[in-house]
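Peer 1: These are the residues of each chain, in order.
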Amino acid sequence: MGETLSVAAIKNGTVIDHITAGQSIRIMKLLGLQKKKATLGMNLPSKSLGLKDLIKVEDFVISDEAAGQIAVFAPQATINIVQDFNIVRKYKVALPNHLNNILGCLNPRCITNHERASTCFSVQHIGKKVALTCNYCEKSFAHDAF
Amino acid sequence: MASKGFLSIKDFPREEIETLLAEAADFKREKPGPLLQGKILANCFFEPSTRTQLSFATAMKRLGGEVIGFGGDSNLSTQKGETLHDTIKVVGQYADVLVIRHPLEGAAKIAAEATNKPVINAGDGANEHPTQTLVDLFSIQECQGKIDGLNIVFAGDLLHGRTVHSLVYALQNYDVRLFFVAPHELRLPDALCDRLRRSGIPFSFHAGLDEVIGQADILYMTRIQKERFSTPVDMGWLGEKIAVNTGHLEKCKKNMRILHPLPRLFEIPQEIDSSPHSYYFTQAENGVYVRSALLQKVVQHG
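So the protein lines, in turn, are chains X and V.
Each residue of the first sequence is one higher than the one before, starting from 1 at the first, in our numbering.
Each residue of the second sequence is one higher than the one before, starting from 147 at the first, in our numbering.
In isolation and in its complexed conformation, chain V is listed as follows (with noise of 0.2 Å):
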């Protein structure tokens, strides 16, 4: 019973996701009609979020829909037992789409085999988060005018962070040269480590912005991902280790822009926002863009 959607980044290929990129731009240039008048999205929730939430529901509205949903489960019947399959088979019974984030790793694809309706994966767990890849990478190209040819440095939580699993995978396609900059204990996961020796891509591990920051046309920095350790962690020293400061903008390319999937916390001070290179709450409004596409894209043809 399984349903068109999208829960993996793996699931488009570049074509693909270029052709989704250029319809967000018209959407971004004007705005869209009401493309899904009388079809109803279903924001189901299980963790928080704010942007990814917020971006689908409004990206819903802007094309006519509506919006049903939760945004955590305390008063869903999940607490009374009720699994994740029974929940989604029901809520698919509602809406005509559904967005799906939850803490564990596999749950959209739980919920992709309960319903025939399209699922969206907001997030699961520590995997992916694969409508951001698609925020991020049309962010990328916004600013840079391209995104073959780039150099692409990720710092802060490579280890938990699904943005960062999600877009590394994506840029596989690409040509791109990769920096990681994390502590030894949040550095990338091996497997994707093996899968970007497979690609060819280059890329390189670094334990400081400073070794990497003149080379950067893209900076994506991460949040210490704290909810997904499972013993108590040290944030005030992981975090030196990775925050972005005016020293490093100094030293940085002109064209450089820092991106962040947000929320932030220390990684990025406010003082930077104010800098012609931050771009973050720019990919954060870039969201709603996105995700009117891709609503289009899978409920019209999913």
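Chain X extracted, bound-state conformation (with noise of 0.2 Å):
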């Protein structure tokens, strides 16, 4: 058997996996957790995805709504809340309908690339694609155009 990374287990917290392998720094920024104990693998071997990585945070439980900003950039992940070492509730993260300020507009010529404006997109999932649309400028962006 080929040697393994181990990963600690915590007491009370979030476990995110599944995570699109390269996107969990990215993902720690999101979700403003740069100065919270945790534990990130990356590069993990997964069956599913082939490369993932993985957050653990202590102390930390993940919002529905940070969950649904976190599947723009790992569509696959899976969130683990874990209370006295025991996983009290497991679920898929899904795009919600809107997102607010997560993405910057790749139009160049959209108002929010040039003024102090959140951003604010709509999400649309068509056939198996999913587009999202700038609710300024109204141009569409295939989610993995970001």
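Any given hint might turn out to be false.
Here are some, though not all, of the chain X residues that point toward chain V, as calculated from beta-carbon distances under 8 Å [unchecked claim]: (1) Asn107; (2) Arg109; (3) Cys110; (4) Ile111; (5) Thr112; (6) His114; (7) Glu115; (8) Arg116; (9) Ala117; (10) Cys134; (11) Asn135; (12) Tyr136; (13) Cys137; (14) Glu138; (15) Ser140.
Cross-link-like lysine-lysine pairs, in silico, DSS-like; alpha carbons within 27 Å at most [unchecked claim]: (16) X/Lys36 x X/Lys11; (17) X/Lys139 x X/Lys128; (18) V/Lys235 x X/Lys139; (19) X/Lys129 x V/Lys156; (20) V/Lys185 x V/Lys443; (21) V/Lys150 x V/Lys177; (22) V/Lys150 x V/Lys207; (23) V/Lys156 x V/Lys292; (24) X/Lys139 x V/Lys156; (25) V/Lys443 x V/Lys174; (26) X/Lys139 x V/Lys150; (27) V/Lys156 x X/Lys128; (28) V/Lys150 x V/Lys235; (29) X/Lys37 x X/Lys92; (30) V/Lys156 x V/Lys443.
The calculated label-pair distances, taken between Cβ atoms and stated as ranges, are [claimed, not checked]: (31) V/Thr229 x X/Asn97: 26 to 34 Å; (32) V/Gly227 x X/Ala21: 36 to 44 Å; (33) V/Ser421 x X/His114: 38 to 46 Å; (34) X/Asn97 x V/Asn262: 19 to 27 Å; (35) V/Ser345 x X/Lys29: 38 to 46 Å; (36) X/Lys128 x V/Arg160: 31 to 39 Å.
Derived from the structure by calculation, the hints contain no laboratory data.
In this text the structure is predicted, and so the values were computed from the model without any measurement.
We put the beta carbon where it would ideally sit given N, CA and C, even for glycine.
Put the two chains together into one complex; each comes in its own frame, and the hints tell you how they fit.
Peer 2: The structure is reproduced here in structure tokens:
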């Protein structure tokens, strides 16, 4: 059996598993967790993803809203809420209908790239594809363009 | 703090459009009374405009109101770095209705968030020009007696032409057949094509006007929007492919009418103006009546 990297268990907190490889640092910043006690695993072997990242954060319970925002960068992520070393809640992330102030608009002529303004994107599922439409300039982008 | 105004053609379902066009027809038949006496319109034009700016001003004055505003931002404190948000917030404290044209997409929405007065989008970058769509629909209805059942040809810069985008969007509510004539570089944006496919409106793409001119009830011409290109463009080569000429008018239907939101360049030569098919100057005149109906609705009920 090959060598394995052990990621320590946490007593109380949140484990975000099945993060798209390479996105964990971005997600830490997105959630504002840079000063929290956390363990990051990067490029770990995964049956479903091939490679994955992993985040374990002590004394932090992720909100449903934040979990939805993670879905932009890690669509296959799973959330595990841990209490007293036990997983008390486990769920897959899902994109919300709107993404507020998470993404910058890719249209250089959008007013949000020239003015101090929060961005807002509507999320649409068209078949297997996910399109994000900027509520200001009304341009749509493929989800994976971001 | 979002205001009730008119930011996007999507804000008006077909029923509301028809009510508005009927009122515009009344205003064309008979000059309205001073329905907006004591009210002030602020024309906030951060981009050049002739027709839109002046037709809004004329419409407001015909309704008994007053007009303030600007036609370029060279004298504004935006030169000192003031944001659009702050500019509109302050102007909204002076006026009862704001009309905004801006070179960046989404600007009208930012403006609507900055004030609780109604905001009308007079053009935001290459995105929309919804009041022009109302003028266009009015003009189509006026010269053809209907909109359903028509063949409408769009020619020119379909990529950047915001009047095209807005009008195509509105026409999804009608039973029409659309034809798009443009060089590949200036074709209708994919997102709009996808939307048309989902709506079931039949449409097709063509390289030249000759292919479709015989079928057109309406020929909607547009200018190549060189100010929207990120790199310089060869206007001559592009223009050859989309200009209308007297030869086309020999092959078209008797009822065919040419619309153009103006300004026009070489895509409609001046010799076409005297043809019974030209309708673009009547279309420009209609801007006053349509905008009068819109102002009356937005200021009194917004």
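Peer 1: If a hint holds in the structure, say so; if it does not, say that too.
Peer 2: Now the hints, each set against the structure:
Interface restraint check for X/Asn107: the shortest CB-CB distance to chain V comes to about 6 Å, inside 8 Å, so the restraint holds. Annotation: X/Arg109 was flagged as interfacial toward chain V, and the flag holds, the nearest CB pair being 5 Å apart, inside 8 Å. Against a cut-off of 8 Å between C-beta atoms, the interface hint on X/Cys110 holds, since the closest Cβ of chain V lies about 5 Å away. Residue-level restraint check for X/Ile111 holds (minimum Cβ-Cβ distance to chain V is 4 Å; threshold 8 Å).
Annotation: X/Thr112 was flagged as interfacial toward chain V, and the flag holds, the nearest CB pair being 6 Å apart, inside 8 Å. Interface restraint check for X/His114: the shortest CB-CB distance to chain V comes to about 6 Å, inside 8 Å, so the restraint holds. Because the beta carbon of X/Glu115 sits about 5 Å from the nearest beta carbon in chain V, less than 8 Å, this interface hint is met. Hint status for X/Arg116 relative to chain V: holds, with the closest Cβ pair at about 6 Å, below 8 Å.
Against a cut-off of 8 Å between C-beta atoms, the interface hint on X/Ala117 holds, since the closest Cβ of chain V lies about 6 Å away. The beta carbon of X/Cys134 comes within 7 Å of a beta carbon in chain V, closer than 8 Å, and the hint placing it at the interface holds. For X/Asn135, the interface hint holds, since its Cβ comes within 8 Å of a Cβ in chain V; the closest pair sits about 7 Å apart. Proximity of X/Tyr136 to chain V holds as hinted, the smallest CB-CB distance being about 3 Å (cut-off 8 Å).
Satisfaction of the interface hint for X/Cys137 is found here, the shortest Cβ-Cβ separation to chain V being roughly 3 Å, below the 8 Å cut-off. Given the 8 Å rule on beta carbons, the hint for X/Glu138 holds: about 6 Å separates it from the nearest Cβ of chain V. Interface hint status for X/Ser140: upheld, as the beta-carbon distance to the closest one in chain V is roughly 5 Å, under 8 Å. Of the supplied pair hints, the one linking X/Lys36 and X/Lys11 holds, its CA atoms being roughly 14 Å apart against a limit of 27 Å.
Under the criterion of a C-alpha separation no larger than 27 Å, the hint pairing X/Lys139 with X/Lys128 is consistent with the structure, at around 19 Å. Restraint check: the Cα-Cα separation between V/Lys235 and X/Lys139 comes to about 26 Å, which is no more than 27 Å; the hinted pair holds. Proximity of X/Lys129 to V/Lys156 is assessed by CA-CA distance (about 24 Å); at most 27 Å being required, the pair is judged to hold. A threshold of 27 Å between alpha carbons decides the hint, and for V/Lys185 with V/Lys443 the separation of about 13 Å falls inside it, so the pair holds.
Restraint check for V/Lys150 and V/Lys177: the C-alpha separation of about 26 Å stays at or below 27 Å, so the hint holds. Between the alpha carbons of V/Lys150 and V/Lys207 the distance comes to roughly 22 Å, so the proposed pair stays at or under 27 Å and holds. Distance restraint check for V/Lys156 and V/Lys292: the Cα-Cα separation of roughly 21 Å lies within the 27 Å cut-off, and the hinted pair is therefore satisfied. The suggested pairing of X/Lys139 with V/Lys156 holds, with an alpha-carbon distance near 14 Å, which does not exceed 27 Å.
A hinted pair counts as satisfied when its Cα atoms are at most 27 Å apart, and V/Lys443 with V/Lys174 qualifies at roughly 16 Å. As the CA atoms of X/Lys139 and V/Lys150 are separated by approximately 22 Å, the hinted pair is consistent with the 27 Å bound. Restraint check for V/Lys156 and X/Lys128: satisfied, since their Cα atoms lie roughly 26 Å apart, inside the 27 Å limit. For the proposed pair V/Lys150 and V/Lys235, the alpha carbon gap of about 15 Å is at most 27 Å, so the pair holds.
Proposed proximity of X/Lys37 and X/Lys92 is supported: the alpha carbons are some 23 Å apart, at most 27 Å. Our distance criterion of 27 Å between C-alpha atoms is met by V/Lys156 and V/Lys443, whose separation comes to about 17 Å. The supplied range of 26 to 34 Å is met by V/Thr229 and X/Asn97, whose beta-carbon atoms lie about 28 Å from each other. For V/Gly227 paired with X/Ala21, a C-beta distance near 42 Å keeps the hint of 36 to 44 Å intact.
In this structure the supplied range 38 to 46 Å holds for V/Ser421 paired with X/His114, their Cβ-Cβ distance being about 43 Å. Range check, X/Asn97 to V/Asn262: about 26 Å between beta-carbon atoms, so the 19 to 27 Å window is met. With their beta carbons about 40 Å apart, V/Ser345 and X/Lys29 fall inside the hinted range of 38 to 46 Å. The hinted range of 31 to 39 Å is satisfied by X/Lys128 and V/Arg160, whose Cβ atoms lie roughly 32 Å apart.
Hint check: no violations occur; every hint is consistent with the structure.
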